[in-house]
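Peer 1: Given the sequences, and given the hints that come with them, work out the whole structure.
So you can see what is in the structure, the chains are spelled out below.
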Amino acid sequence: MKDVFKKPDSFYEFFTRSAGVDKEATHYCPGCGHGNLHKLIAEAIDDLDIADRTVFVSPVGCSVFGYYYFHVGNVQSAHGRAPAVATGIKRALPHSIVISYQGDGDLAAIGANEILQAANRGESITVIFVNNAIYGMTGGQMAPTTLIDMKTTTTPYGRHAENEGYPLRISELLATLQAPVYIERCTLEDSKSIMKTRKAIRRALELQIANKGFSLIEVLSPCPTGWKLDPIDSREWITKNMLNVFPPAVYKDRADAPSRPTPPTPVYDGDEVLKIIGIKESDAAHVAKLPADFPTHKLVLAGFGGQGILLLGQLLAKSSMREGKFVSWLPSYGPEMRGGTANCHVVVSRERIGSPFVTNPTLLVAMNQPSLEKFADSVEPGGLVIYDSSFVKDVKLPAHVKAVPVPFSEIANDLGNAKVANVVAAGTIIGLTGITGADSFKSLLGSLRKELLDANLKALAAGLAEARHFGAMSNQPSVKATVS
Amino acid sequence: MRQELMKGNEAIVLGALLAGCRSYFGYPITPASEIAETAAVMFPRLGGTFLQAESEVAAINMVYGAASTGQRTMTASSSPGISLKMEGISYCAGSELPCVVVNIMRGGPGLGNIGPEQSDYFQMVKGGGHGNYRMPVLAPNGAQEMCDLTMLAFELADKYRNPVALVADGFIGQMMEPVNVPNPVRTFPDKPWAVKGTGDTRDSLISSIHLDHNELEDHIRHMYAKYAEIEKNEVRFEEYRLEDADYVTVAYGIVSRVLMSAVDQARAAGIKVGMLRPITLWPFPAPRLKQLAGHVKGILVSECSTGMMVEDVKLAVECRVPVQFYGRNGGNIPSARELYDAIVKLTNTVGS
Ligand code: SF4
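These protein sequence lines map, in sequence, to chains A and B. When we follow our numbering, the leftmost residue of the first sequence carries the number 1136, and every step to the right adds one. When we follow our numbering, the leftmost residue of the second sequence carries the number 10, and every step to the right adds one.
If you are wondering where the hints come from, they were derived from the structure by calculation, not from laboratory data. These numbers come from a predicted model, not from an experiment.
Chain B regions said to be covered by chain A (calculated; three or more residues, Cβ under 8 angstroms):
1. 26 to 34
2. 70 to 76
3. 209 to 219
Here a beta-carbon is modelled for each residue, glycine too, at the ideal position from N, C-alpha and C.
Peer 2: Printed below as a string of structure tokens:
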């Protein structure tokens, strides 16, 4: 038989973490249930030999100073947030035994969502829920578990269901969830019930050791100070008033549940990290020197959602990047996208790029009528407008811009796939502006959908052919790209 | 060379992974959701944790828990979500927990809109949470910096045992630019203070409660000594065409990119103007601004806000030189033309 007067090993001999002068007395009031409960937990930690790997989480309330007593790793958390904090700890330390020790205000009011969600995720933690039907530390205000007609400092006329609702039955509530493995309500009213509580705590911790998942032990606990009763009467008060509202019982027992899978070990090795992320040495900047007269290209590409406009912009930017140019790509985002239209801004330059936002494009690519109407007036004097003449029929353009109509979609359809209209457009853009080399661009097509490769190659060639056709018709803009 | 074209939001996740961050706790919100979505793909591949929390409040508290164990951990959100995280950020600061919080700022107050804004400057820089605390705030203005400064954020967080914020806007987050991929961090600082669920860390205690008034005052003094160190060591900024400048413009994030273009235009028009771009919003490059105030004729500050950082600029220059402000709001960003005009107005009103 264990020496009952001996402090458990997982209790501090002296409470050196306490700011008070007396390092031997606890800060709890005489007759408070916390002391009993702490002892039961500490003994269980000792007997199960888990002190080294236990992390005790105490949030706000009378239990905030749990760390004075438990000689285990301690994390103090914000009011109600202990289950989230415990989640963070358990995810980072899967081998640890995490005990979240919470009062009724903390767990059932401000932290109701955190406990519900942690329970529902089946976090492998053990929650000790101290229900004394009142806010003890802050001076006796109403808790979600305060009984009907019970007077507290914030229900001076008694708790009334019409105003404050009914006492919240957490064990019953959480037991409706699928994930939790063990939920029991215990009490501390007499030595028999204390022994039951002792057993329940052990069982919950054993289940955590076996990595079964979430367990919660609700404990009806006397608060003589909050209830304004002496310690003896407090115990009787539990029997008389609390048991019928909060019946002690096992509400959930899934001890036969399979253990949760062991999470993988994080990878920290640098080479391994690069390999997994998929970053390879790239063939970037294979064009060592750009011609001094390479102009800054400012593109607005616009069309229907689904025409591959954003991808077209990305490919042009990527291809140019591979040639050692400065590039930026900026999409429209958010609700604008939902209307079925899409546009993006691309800047390609031999200089560092200031604004990635293109107000006055040197090139507008309009794949549909609304896009032409929206952006045509913004094109820089001397700029170029390339539009899909399969869709754009009504063309009104400012006098200072040059227009190139190409039936991109029709060409794509003729190639057998409407989806490659964007690559036809790329060919024409490249051919007319020299923004990037056709070969660089071509080398990116392999990274797109494999089944489209053939069509994409043909599309690029067709787009380049269109450019040659227009280039031949006028010497401005000049055809700079190497056409392969 | 390892170069990739990627979005700013993706570059944040890349930087986090290269910095050895192995847990991400988040909650979706436009325009920051892409960070969570990218993290959801990438973190598990490295044996890390990605968890979509039930709320922003829970997410930052999961970060608090993971940071307590010494693991590098992060969360990201956008303005309204950051408001919810503020309680947790204050607790992280009080408990001296290193972690990284990303804010892709959007229009506010209230639900506002999802356009790019910089109106969380006060919230992020002056402390949106309760109590005496500070937090380094890094402000990238392109995809490369989204990656690099995320890595720096983890380094600073560990170095000073403090939460570190990274602030950007929807444009910087959405924009794709080339990123030269940095080398992964290979050695990590020792954290004997952390709770590791081991025999030798049984005495570790993570807590922000100091009931005794003197004890709390001592704790705050300790934190402010640390903050003084940060102010001394960690100010970062970029100067653009400032060598012979008569006028200084100041902007961060997306506005600094537009301002760069405006400065170029003004230079082309013969105006001797340059730009100082704070990379750390806190600690603020006040000493350098004070220096510049000694010999320039005027300062123009531009923000996508009604004028928040401009207050720090004014404090820094101590009325030595006129400070003008040009701001846009609601998701609008100033155009290069508008900023050029503002520069011209500055030169006209303060004389040359
Ligand atoms: S106020 Fe109540 S719960 Fe708190 S220590 Fe005193 S008796 Fe215990």
